[in-house]
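Colleague: The residues making up each chain are set out below.
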Amino acid sequence: MTTASGRTALSPGDTPDRHAPATAEALPLLQARDVTLQYKTRHHLVTATYRVSFDIYPGDRFIVLGPSGCGKSSLLKSIGGYLPPVEGSFTLAGAPVLRPGPDRMMVFQEFDQLFAWKTVLQNVAFPLIATHRCSTREANERALLYLSKVNLTRFKDSYPHTLSGGMKQRVAIARAMAMEPSILLMDEPFAALDALTRRRMQDELLELWASTNFTVLFVTHSIEEAILIGSRILLLSPHPGRVRAELNCDHFDHGDQGGEAFSSLQKRIHNMLFNEPQMDDAHG
Amino acid sequence: MGEPHPAGPRRTRPEIEYDVLPAADIGAVERALSPLERIANVDWVRRATIIAALACTWEVYAHHLNNPLLLPTFSDTLRALWLAAVEGRLLSRVWSSLQVLLMGYTLGVLFAGALTSLAVSTRFGRDLLSTLTSMFNPLPAIALLPLAMLWFGLGMPSLVFVIIHSVLWPVALNTQTGFLGVSETQRMAGRNYGLGGLTYVWKILVPAAFPSILAGLKIGWAFAWRTLIAAELVFGVASRSGGLGWFIFEHRNELQTDYVFAGLMTVILIGLFVEEVVFRTIAQRTVVRWGLER
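Protein chains in written order, with the numbering used here: chain A, 1 to 284; chain B, 1001 to 1294.
If you are wondering where the hints come from, they were derived from the structure by calculation, not from laboratory data.
The beta-carbon is built from N, C-alpha and C at its ideal position, and this holds for glycine as well.
The reader is advised that the hints may include incorrect statements.
Lysine to any residue pairs mimicking SDA-like chemistry, simulated, CA-CA at most 25 Å apart [stated by the list, open to error]: (1) A:Lys156 to B:Val1288; (2) B:Lys1203 to A:Met201; (3) B:Lys1203 to A:Phe214; (4) A:Lys156 to B:Leu1071; (5) A:Lys118 to B:Gly1125; (6) A:Lys149 to B:Trp1202; (7) A:Lys40 to B:Val1288; (8) A:Lys156 to A:Gly88; (9) A:Lys118 to A:Ala95; (10) A:Lys267 to A:Lys149; (11) A:Lys156 to B:Val1277; (12) A:Lys40 to B:Val1277; (13) A:Lys118 to B:Arg1047; (14) A:Lys40 to A:Lys118.
Residues from chain A that keep clear of chain B, each with C-beta distances beyond 10 Å, as calculated [what the hints assert, rightly or not]: (15) Ser68; (16) Lys77; (17) Pro84; (18) Arg104; (19) Met105; (20) Met106; (21) Glu110; (22) Leu144; (23) Thr162; (24) Met167; (25) Met201; (26) Gln202; (27) Asp203; (28) Gln266.
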């Protein structure tokens, strides 16, 4: 087992000053401190994560990576405000996270996250209007702007059921980004897509990030996706999720795939996840 | 894919690349349907054919039976319908029935909405709804009529009361079922925007559950009609002018069977109109357009 404060176990290549008291650097945007999450099923009380701590800084592409069932989705839900921690806390820009709110927009894995009764444009504009963030006209303008960023202007008047899976996810991303949240929470948003579409979506997300520099927390179980998309990876151990490592990976794109640095990082993560002596493969 | 087959030597097949034929050479990639195919695709044409066939069968059989007291012909029924309509008697009865019906229906739907909204927001509401529904849903509205007349007198309020009873439970039950079926993702997406309370119910749950709600509204409408006609038949004139049920009852007493049929046909026609025009239009504009239903 790793130490409870996994964030202090720095790996080589890490920049230690990230964790220094925030004097020169910006304050962390999102802080997780010793977060233990539990949920009840009919017969069991399941501990999803155990004393997880990390900091996310503005502009991070922060990846939570771990095998299925390690509690990474629970972690995201908890940051979203749906699942209160039994121990520890999250603070977003200094304020504790207590309930769901539009400052943490979520993009889900499921394709049915769009509202079937609204057109693409209405779907993107709806949160802006529902939270009284801006007038209907402004909301529509902003929705159009973000739809053009995800290349869906042509489909603004379509209903979600006429779109492909990849297009639905792009609408969901546009909807979340149009709210200009403090942090974007993405729960394996590309996991249900086919391999070719997924790859394109990963590139698009990176382009989008390059143009707007938002902060994103991205949950995945694909090592490759984590290295491609992330600037920093939080590695969780199998069930219950404990912090295994925090790694930097800010310099890879699809062109590096198969390259030596890419492969070695991939292998290193793989070893950390699967080659631990006390771990059983049943959870993988 | 690349694994050589274990048994026998592997044949190397040549690689082939084809030139794809231009799509224009294929011929009929897309062809307009023939007029007959297009007519057969129109819903109301097919339905009208069924109705016409039923009417023909009726006409032929009634002629064969030749007993207008038991079964008047289709044409006699139409004539009676026409005469009663021209006289204005039928229309005033229909109007009187519809007034009671709409009032009871609207109130029933509103109560159902209030109960189910309470049920999604609190646990007490959920228990209340499920208990009340399982208690009262199986209770025939008509069985409450004597009691209603005792409480509200021989007038419209009694009828409205029993209609509310017949509408409320099925609509509430269907709405509740619909709410429970709304996916967790959509709920979370809605709550993500900080929506809560009635706004959340109205903007997220109601549209998401609309297929079930619409089904409930349809069932409620049919129950309301049945209850009303039955109430008027059993207790005769229950309000000042009397409605369609009373029209049927009256003419049965006078053995004018063709007028009885005309009354029944009016009920059917109104039912067809509401189902095929009102509810169908609502469905086309909502659940069908949203892809929630075909």
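Colleague: Next step is simple, just say for each hint if it's right about the structure.
Modeller: These are the hints, each one checked on the structure:
1. A:Lys156 to B:Val1288: holds (19 Å)
2. B:Lys1203 to A:Met201: violated (30 Å)
3. B:Lys1203 to A:Phe214: Violated. Lys1203 (chain B) to Phe214 (chain A) sits at ~29 Å, over the 25 Å cutoff.
4. A:Lys156 to B:Leu1071: With a Cα-Cα distance of about 59 Å, the restraint between Lys156 (chain A) and Leu1071 (chain B) is violated, given a limit of 25 Å.
5. A:Lys118 to B:Gly1125: violated (29 Å)
6. A:Lys149 to B:Trp1202: violated (31 Å)
7. A:Lys40 to B:Val1288: violated (38 Å)
8. A:Lys156 to A:Gly88: The given pair, whose Cα atoms are some 42 Å apart, is violated under the 25 Å limit.
9. A:Lys118 to A:Ala95: Measuring from Cα to Cα gives roughly 33 Å; hence the hint is violated.
10. A:Lys267 to A:Lys149: Violated, at about 34 Å.
11. A:Lys156 to B:Val1277: violated (30 Å)
12. A:Lys40 to B:Val1277: violated (48 Å)
13. A:Lys118 to B:Arg1047: Since the Cα atoms of Lys118 (chain A) and Arg1047 (chain B) sit roughly 32 Å apart, the hinted pair is violated (cutoff 25 Å).
14. A:Lys40 to A:Lys118: This hinted pair is violated, its Cα atoms lying about 34 Å apart.
15. Ser68: holds (18 Å)
16. Lys77: Check fails; 8 Å does not lie beyond 10 Å.
17. Pro84: holds (14 Å)
18. Arg104: violated (8 Å)
19. Met105: violated (6 Å)
20. Met106: violated (5 Å)
21. Glu110: violated (4 Å)
22. Leu144: Leu144 (chain A) is indeed farther than 10 Å from all Cβ atoms of chain B, at 19 Å.
23. Thr162: violated (7 Å)
24. Met167: For Met167 (chain A), whose nearest Cβ neighbour in chain B is about 14 Å away, the distance exceeds 10 Å, so it holds.
25. Met201: The claim holds: Met201 (chain A) sits with its nearest Cβ about 18 Å from chain B, beyond 10 Å.
26. Gln202: The assertion about Gln202 (chain A) holds, with a minimum of 22 Å to chain B.
27. Asp203: Asp203 (chain A) clear of chain B: closest Cβ-Cβ about 25 Å, beyond 10 Å.
28. Gln266: holds (23 Å)
Checked against the numbered hints given earlier, this structure breaks hints 2, 3, 4, 5, 6, 7, 8, 9, 10, 11, 12, 13, 14, 16, 18, 19, 20, 21, 23; the rest are met.
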